[in-house]
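**Q** Read off the chains here:
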Amino acid sequence: MAMIKIVTHIKLEEAYSYLSCPEAGAINLFIGTVRNNAHGKKVEKLVFEAYEPMALKEMEKLAVLAQQRWHISKLLMLHVVGDKAVGEPVVAIGIASAHRQEAFEATRFLIDELKKTVPIWKKEFYQDGSSWVNAHP
Amino acid sequence: MTIKLFGITREIVGASHIPVPDNQPLKTVADLKTWLYMEYPSLKQLKSIAVAVDQSYAEDHEVLGAAAEVALIPPVSGG
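These protein sequence lines are chains A and B, in that order.
Mapping to the working numbering: the first sequence position 111 is 111, numbers consecutive.
Mapping to the working numbering: the second sequence position 14 is 14, numbers consecutive.
Below, computed lysine-lysine pairings styled on DSS-like, alpha-carbon distance capped at 25 Å:
| # | chain 1 | residue 1 | chain 2 | residue 2 |
| --- | --- | --- | --- | --- |
| 1 | B | Lys47 | A | Lys115 |
| 2 | A | Lys116 | B | Lys47 |
| 3 | B | Lys47 | A | Lys42 |
| 4 | A | Lys61 | A | Lys115 |
| 5 | A | Lys116 | B | Lys33 |
| 6 | A | Lys57 | B | Lys33 |
| 7 | A | Lys57 | B | Lys4 |
| 8 | A | Lys115 | B | Lys44 |
| 9 | B | Lys47 | A | Lys41 |
| 10 | B | Lys27 | B | Lys4 |
| 11 | A | Lys61 | A | Lys74 |
| 12 | A | Lys123 | B | Lys47 |
| 13 | A | Lys116 | B | Lys44 |
| 14 | A | Lys45 | A | Lys11 |
| 15 | A | Lys116 | B | Lys4 |
| 16 | A | Lys116 | A | Lys61 |
| 17 | A | Lys5 | B | Lys4 |
| 18 | A | Lys11 | A | Lys115 |
| 19 | A | Lys84 | A | Lys42 |
| 20 | A | Lys57 | B | Lys47 |
| 21 | A | Lys45 | B | Lys47 |
| 22 | B | Lys33 | A | Lys115 |
| 23 | B | Lys4 | A | Lys61 |
| 24 | A | Lys116 | A | Lys57 |
| 25 | B | Lys4 | A | Lys123 |
| 26 | B | Lys33 | B | Lys44 |
| 27 | A | Lys123 | B | Lys44 |
| 28 | A | Lys115 | B | Lys4 |
It should be emphasised that the hints constitute simulated quantities derived from the structure, not laboratory data.
Okay, chain A solo, but in the shape it has when bound (with noise of 0.2 Å):
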């Protein structure tokens, strides 16, 4: 079972009931958040956007490839569009498992890939500007 999403506010009591099962003994749960700095300088908030049919289709792949390496009960893939204020969360990766060991490197493996192949774009606002992450060389 999986449940992937976009949304506008990621509610961490949702994604914690969505995760708790009777057969797995290990929920780990991820949550990326707005860090107030960058490259030296202070951060005030971060925008997404995203690419949505497709950023759901590839995450939808690496939750396939997931469920295929590790024996999973239920995965989590949660990512915020729009404003975000330091602090808040942005990303939120859930594995459930009979043990531990697998829900750490299935949660591992699909927060690296989501950041590389995902189609969601970040920019930084600073006090004396902005920039979107990782664009330039």
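Add chain B to chain A, keeping to what the hints say.
**A** Here is chain B on its own, set in the frame of chain A:
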């Protein structure tokens, strides 16, 4: 054909779509990229640009054919 734009490519071009004139014979993804870099040289400043055809990453040699949806994918930075 129109090409969807996101993130920094949308800002560079100043629009969310690029219309491709009908007289441009763009057969493959590589042809499309060559035409784009000619029309919008400032796209060359980006680290990379991938092309998605019908919501999947497409290699340079792939034929655009009757693609329903084409999009430019600048370097992703989700998470």
